[in-house]
Each structure stands twice: as C-alpha cells, then as structure tokens.
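Novice: Place chains B and C on chain A using the hints.
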Amino acid sequence: MGDILAVLIDGTIYASWLFIIAAGLTIVYGVMRILNMAHGSLYALGAYAAASLVGTWIRGGHPPLFSYALLLAAAVAVGLVFGPLIERGILRVVYGRDEIVMVLVTYALFLILEDAIKLVWGVESYFVSEPYALLGTVEIGPLTYPVYSAALVLAAAGTGVGLRWGIYRTRYGKLLVAVIHDREIAAALGIDVRKVFLVTFTLGTMLAALGGALTAPTVSVVPGMGVETIVLAFAVVVVGGLGSMPGAALGSLIVGLVRSAAVHFFPQVELFSIYLVMALVLLLRPRGLFVAAEARKI
Amino acid sequence: MKRLDRTTVALLASLAALLASGPLLPRWALFLLTVSLAKGLVVLGLLLLMRTGLVSFGQGLYFAVGAYAAGMMPAADGLLLLLGGGIAAGAVAALCGLLLARYRGIFFAMLSLAFSMILYGLLVKTSALGSTDGFNVQARALALVPAGGPHGRYALFALTAAAASIAAFALHRFFASHLGRLAPAVRDNELRVEYMGASVRNVVHLNLVVAGVLAGLGGALTALAVGHIDPEMAYWTTSGEFVFVAILSGTASVLAPFLGAIVLELLRSFAYEYSPNTWQLVVGASMLLVILFLPSGLWSLFSRWRKALR
Amino acid sequence: MSAILETKELTKTFGAVTAASAISLSIEEDTVVGLIGSNGAGKTTFVNLVTGYLKPTSGTIRYLGRDITALQPRQVTRLGVCRSFQIPQVFDTLTAYENLLVGVGIAARHGGPRKDPEEAAEEMLQRFGLDRFAGAPAGILPEGVRKLLDIAMALVVKPRILLLDEPTSGVSSEDKFALMDLVLGAIRADKVTVLFVEHDMEIVRRYTQRVVAFYEGRVIADGEGAAVLEDPEVRRYVVGEAAPAVRPC
Numbered sequence: 001m002g003d004i005l006a007v008l009i010d011g012t013i014y015a016s017w018l019f020i021i022a023a024g025l026t027i028v029y030g031v032m033r034i035l036n037m038a039h040g041s042l043y044a045l046g047a048y049a050a051a052s053l054v055g056t057w058i059r060g061g062h063p064p065l066f067s068y069a070l071l072l073a074a075a076v077a078v079g080l081v082f083g084p085l086i087e088r089g090i091l092r093v094v095y096g097r098d099e100i101v102m103v104l105v106t107y108a109l110f111l112i113l114e115d116a117i118k119l120v121w122g123v124e125s126y127f128v129s130e131p132y133a134l135l136g137t138v139e140i141g142p143l144t145y146p147v148y149s150a151a152l153v154l155a156a157a158g159t160g161v162g163l164r165w166g167i168y169r170t171r172y173g174k175l176l177v178a179v180i181h182d183r184e185i186a187a188a189l190g191i192d193v194r195k196v197f198l199v200t201f202t203l204g205t206m207l208a209a210l211g212g213a214l215t216a217p218t219v220s221v222v223p224g225m226g227v228e229t230i231v232l233a234f235a236v237v238v239v240g241g242l243g244s245m246p247g248a249a250l251g252s253l254i255v256g257l258v259r260s261a262a263v264h265f266f267p268q269v270e271l272f273s274i275y276l277v278m279a280l281v282l283l284l285r286p287r288g289l290f291v292a293a294e295a296r297k298i
Numbered sequence: 299m300k301r302l303d304r305t306t307v308a309l310l311a312s313l314a315a316l317l318a319s320g321p322l323l324p325r326w327a328l329f330l331l332t333v334s335l336a337k338g339l340v341v342l343g344l345l346l347l348m349r350t351g352l353v354s355f356g357q358g359l360y361f362a363v364g365a366y367a368a369g370m371m372p373a374a375d376g377l378l379l380l381l382g383g384g385i386a387a388g389a390v391a392a393l394c395g396l397l398l399a400r401y402r403g404i405f406f407a408m409l410s411l412a413f414s415m416i417l418y419g420l421l422v423k424t425s426a427l428g429s430t431d432g433f434n435v436q437a438r439a440l441a442l443v444p445a446g447g448p449h450g451r452y453a454l455f456a457l458t459a460a461a462a463s464i465a466a467f468a469l470h471r472f473f474a475s476h477l478g479r480l481a482p483a484v485r486d487n488e489l490r491v492e493y494m495g496a497s498v499r500n501v502v503h504l505n506l507v508v509a510g511v512l513a514g515l516g517g518a519l520t521a522l523a524v525g526h527i528d529p530e531m532a533y534w535t536t537s538g539e540f541v542f543v544a545i546l547s548g549t550a551s552v553l554a555p556f557l558g559a560i561v562l563e564l565l566r567s568f569a570y571e572y573s574p575n576t577w578q579l580v581v582g583a584s585m586l587l588v589i590l591f592l593p594s595g596l597w598s599l600f601s602r603w604r605k606a607l608r
Numbered sequence: 609m610s611a612i613l614e615t616k617e618l619t620k621t622f623g624a625v626t627a628a629s630a631i632s633l634s635i636e637e638d639t640v641v642g643l644i645g646s647n648g649a650g651k652t653t654f655v656n657l658v659t660g661y662l663k664p665t666s667g668t669i670r671y672l673g674r675d676i677t678a679l680q681p682r683q684v685t686r687l688g689v690c691r692s693f694q695i696p697q698v699f700d701t702l703t704a705y706e707n708l709l710v711g712v713g714i715a716a717r718h719g720g721p722r723k724d725p726e727e728a729a730e731e732m733l734q735r736f737g738l739d740r741f742a743g744a745p746a747g748i749l750p751e752g753v754r755k756l757l758d759i760a761m762a763l764v765v766k767p768r769i770l771l772l773d774e775p776t777s778g779v780s781s782e783d784k785f786a787l788m789d790l791v792l793g794a795i796r797a798d799k800v801t802v803l804f805v806e807h808d809m810e811i812v813r814r815y816t817q818r819v820v821a822f823y824e825g826r827v828i829a830d831g832e833g834a835a836v837l838e839d840p841e842v843r844r845y846v847v848g849e850a851a852p853a854v855r856p857c
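Chains as they are written, first to last, in this note's numbering: chain A, 1 to 298; chain B, 299 to 608; chain C, 609 to 857.
Errors might be hidden in some of the hints.
To be verified - Computed footprint of chain B on chain C; a stretch qualifies when at least three of its residues, placed anywhere within it, have a C-beta under 8 Å from a C-beta of chain B:
hint : region
1    : 669-682
2    : 690-704
3    : 755-766
4    : 808-815
Hints were generated in silico from the structure; no laboratory data involved. Just so we're clear, the structure is a prediction, and the values are computed from it rather than from any experiment. For glycine and all other residues, C-beta sits at the position ideal for the given N, C-alpha and C.
Okay, chain A solo, but in the shape it has when bound (with noise of 0.2 Å):
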C-alpha cells in the first residue's frame, strides 16, 4: 500500500516538472510548428540563471525567503532575453523552411548553447539548496516528502491552469489559435502573425527557463543537465500529441508515473521505461494520444 502512494505521489512531482518543460515545447510547436531542440539547453539555462541569482542573494546575507521570487525573476530574465534574441536572430531567417530543417536548426543551437554555458559558468557544479530546505518537510502516511515538491506541483498546476485562461479567455489567445489552426489566413486577417511568433517563443523559452529554475534548488546545477530533459520532454510530447496542450498534460502524467512505478518496482528499466512507453503509444495511437482533425488533401 505504502509503494502504490509512493507511486502515486512521486509520480505526480516527476509529471509535475515535465509538465512545465513539456508546456513550452507544445506551444512553440503549435503556434510555430518547430520542435525546438535548444528548450533543454533553455532549461539549463534557467537553472543556472536561478543558481547564480539565489546564489549570490544568500551569500549577501539578504533573507531567504525572498529566493522564489528570484526563483520565478530568474526564469522570466531568461525569457526576455534569449526567446527574442532567437527568434528575431536565427529563426526569423529560416521560417518557411521544412519541418525538419527547423529541427535541425533548434539543434544546432543547442549544441552552441551547450557550450555557451560552459564557457560562461564553467564546468564546476553550482548549488543552491535554500529554497528547497527552508520548506522543510511533510509526512503522507508512512512516507515523508519535501513541502517544496508541493510547490512544484503548484507550480505545474498553476501553468496548466494560466495557460488554459491566457489561450481560451484573454484576446490573445484567440489570436494565438487563429495561428495556430491557419498561419496565412491568420496574416490574412491582419493578425501580426510575426509578433505572435515573438511572444509564443519568448513565452516557451520562459517555461523552459521555469522548469530549469525551479529544479535549480533540489539538484546540482551541472553543464548537460539539459540534454537527459530534453529527449525525456520529447517523449512527453510525442505520447500526447504533438501540439496539443491538454496532450502535454496527459503525456506528463503518463511518464511520471510510468517511470514512478519502474523505479519503485522494475529499477533496472527505469533509463529506458520512458521510451518504451512511447513507442507503445505510438503503436496504438500514431499520432499521439490527442490529434487534430486534419482535412481532406486531394
């Protein structure tokens, strides 16, 4: 009984934080149709970003409690800087191209960033527990789970729901789906069509950046640790469905208990669990668990 909790529980976390790279990657892929290979490497970055901020806040002696909000201004600094940096410098120049072009672009850049990193905050591991520790702990019948897990999964929750409202409630959004469904009739009808893509990217990267920062404090920030995410949020995307946000959500679900259960009970097929999920999936539904109608062609 106690494993199936643990399960459940640790399960629910593990989505939780794919959820929130899994967000940004599905919307980029909507709005954008670029499966953007550098969102690990943005993740990374966050994590960094977050680790030197908090870092250096603590250092100065400056109250701990203040660290989430630099936690969250970690994250949205990175947005703001690297989504418009790549999106009005490298992929403004290779829009129209095929799909897979855009992919093979995105990778590129994720090996530049790889190593930007590197060449800015070296290859040492960066540590920075105080978010995570000050929370301190909560006991769930016989198992006892850091409150800070709480918060990611609040977190994860909270983007599920924002984005929800931001697309179906607020005028953007329409326009965000209007671009998403059609992008030469979207231009057509006046939408800025190229802003959108501006704000979708900046808005990706920020999540991407999010999940980075709010891992920051329970791991140890090292250079790479964007490369395991990222085939782990491709699977996520694939299982849901390319595109589809409420796919992303089952497919975070799916994964984290999945790999949650291999751990618990199969440890040795936990590296590969994911991918045999995926493939399985795959198997039964071709094109993930929630498809877009797609229309006639001939």
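Specialist: Coordinates of chains B and C only, in the frame set by chain A:
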C-alpha cells in the same frame, strides 16, 4: 560494358590513392582516415534516408549494435566481425523498421531517437557488457593479417577503405536502379507512388534496413579501429553528430559523406586540442552556417567550383 | 459490352456530413462518361471511393465483377483502375522523363508490359507531347504541362479504366480542347474506359457519351449527354439557368 561514369572513376581513384598512400602516412593520420571512413559509412546510410525524405536521429542504434556485435565475437577474423556487425544491425533495423516505416518528419526523427535511447538504457544497465565503461575490442586478425602493429593497422585501414568504396559504389548503382529511383519519388510524393501501384511502406522499410546495415558496418569498423566500445555510441548526441556530417556533406554524391566525415574528424582533433569546451559550439555554429548559406552541403561548393572551371 | 465498373448503394458519411449517398452506377467498357456537379456535390469523393483512397461507410464497388471495396489505392491501381488528380500529383524534383521512368518501373514490377523502361518512358513523353520538357524538373513546369504529366503517369500502368479529376481545371480556355483531344486520342487504341469530373460544360458536351450529375452526394441524373444537361434539376443545381438576354432600349 558501359563506359564508367564519373562517380565510379572517382571511387576507384580514391580507393587506389588511399591504398597507395596508406603505408606512407603517419600513425595518427592512418587512424583518423580509418575512423572517418568507418563513420562515413553511417553517414552514407543517412544519405540514402535523406534521399527518401527522412532524417534519422537514431543511427547510433545500429552503429552501436554493429560495434557490440563485433565486440562479442572476439576470436573471429576482422572480416567476420564486420559481417556479423552488419547482419546484426540489419536485423535490428528490420525489426525497428516495422514501426518506424509508418512515420515521417519529426515523428520519425523522434521515434528513431527514442529507439537508440532504449538501447543506450539497456547497455548502461548491462554489467556483463561493462555498463557505462564498455569494454575493449581486438580482432585476432584482419583478412588473415595478424592484428596489431603496422601491418595490422594497414590491414584494418585497407579493409575500411575497401568497405567504404564498395558500399559507395553499391549505393551509386542502387540509385540508378528502379528501387533507388523510388526513394526520391517517395520523398516528393508518396500519394503518387501508391497510386502508381508501389508500396511506400516497403520502400521506406528497405531503405531503413540498408541504412542500418551500413551503420552496423561502420560501428564494427570503428570498434576495431578504436579498440573500445561503450554505450555512448548509442546516445542520441552520437546520432546527432552523424546528422551533422550528413548536412555538412549534402546528398548529391556518394563520395560526399566520406569527405564530410574526414572534415569532421580533422575539425575535432584540432578543436579538442585548442579548446575542448567549445567543440559543440563549433559544430553547432558550422551546422547553422551550412543550413543558412550552403543548404546543399559542402559538396555544392565543389560542384560550383567545377562549373566555374568550364 | 459488359459493365467494367459497378457501384451499389455506395455511401460515405463524415459524421453529420453525407459526402456520397447510395450511389449506384454501372459503367460500360470503352465509354467516356462525364461526372458533373457543383462544388461539394460528391464527384471527387466518388473517385476517391472507387480508387480506394476512402473507405465507404456502406455499399460495394465491383470492377470486372470483382469486389474491390476494401482495397488500398495501390492494389486498385494494379488491377487496372487509375486516376489523375485535380491538383497534379507528380514528383517535383524529378524531371518529366524521370517521373515517367519511375511509373514504368513500378508498372513493370506488377504485371505491366515488360518493355525496356527507358524506351517506354520516351514513348510516353512523345505520345503526350512532353518530349521538350523531358529534362526539366516537374516542379517548375507550367500547370497545364503538369496536368498532362499527371495524366500520363496514370496511363503508364496501362489501366483499363481511367478516372480524371477535373483534367482541364487550371488550363487556359484555348488549351482545354487541345488537352482533351490529346488525352483521349492517346488512349483510343487501347479501349480505355474514361470517367472524368468536369465543370466546363462545353468539354462535357463535346467528349462524353454519357453524363452523370451529382448533387449533395446523390446522383440526380444519369444518361445521354444532351438530355442530362437539359434536365431541369441539373440546370438548377449544376449548369445554372441561362441569364435572360439584355434587350437594348
């Protein structure tokens, strides 16, 4: 017999040049060429896939299968190791192809990535194969020439050069055949191919197997050249490197992958010497530059130069 | 002459939309049939159903007496039922010659004529007047030429029945007749049955022996060309009533 075309002549000339210069080259150059040609085989497979309209981010899977298969037959002659690696990789490709052949574009890329990561996970957890450390590989002999020493090294180099030339020639003839012509047809318009009576799924599956075999051969040869194999060969960043070389070389000629691989290995040796922490940056930046300014790869520079000479 | 193609109660629904409703047609061999109807009437859906691109919700399709309802497009093609497309489906990066070479190669593998493939492709190029485009990539060819190439591709496999989806759409008025003459002339000798979807009533009048009119997924008229085109329902829903003449004051 028809007059030999340009590519065949170039292949024969290259093979002759390589075999002749082999004994004169310093050890590091021989090693670099051997590894480049072996990796070029993997990229040759990618060339075939790209002609079919597919970009695989998972050739590392077959590369690793070929290497590990060769590593697990220690007493055999290098030729047999090569064969074993190729066959094992081909079998895995045939199996994975059952699912992979249904996909295109991003899905195909991500699924192929996932498959290679499944193998990576398996290898890391298998202590019998040394998990993350891998293990050393050494053939007893290469086509009956005892391994090790300058003769052994030359034999491996010659074997690799021969394998590369034969594979390139075979693919060249393949592209001129009916089945080979179906590849760009599938890339351009699958609907039309089906509506003419051919099975797109079968074309893709076949090409996946061929690319897998080529990657397996490359893996086995790399294992023999380097003397060591580890799960990193199946990691998605290894596959990414093959994709980079494929982009760099372009798909215009079967010779291009090998030239691209040599350029990469040269770049890697020098970049690592001067600044190991910027190797990925160099690769990424080069890739961006090629995509932006030379979409047909470095080979297009070569063909432009030849046109300018006329 | 026997029926080469027979559909019985062929129906296709997409949720609440009925694209084809109980279509029962019997097509005789070696005839030329025109399929007319306004946009969305179900003509292309019919062609898609017959060639296996869509699975019918109900009903059957028989070709030379054989049930082909559940077959895939490539299986239907191999049996001898070919089609061309409203938007030409060709291989853009291959030359016109290479396009046909691919087709000839596929045909040879599936019981087609076993001639030298290069010769067969050349012959097709000449038959359709495409030889001067032989070396050009199909992607840069003018639309009318691409349409011809598309139709030539459909004929490479030597079908017994050919379905053309709007063969003259996108072709300038002066070239329409030339195209139809060329296509029908090229296949006359082989006694190919032709069904073509068309919006241009002049073309329909000139080239068909029989006309089938569609409306909202149903067949509303079927018979000899002139009679169908005079049918009041057809005039109302497909052809359009003649505009009253303007009298000078």
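Novice: Which hint numbers doesn't this structure obey?
Specialist: Per hint list: single violation, 4.
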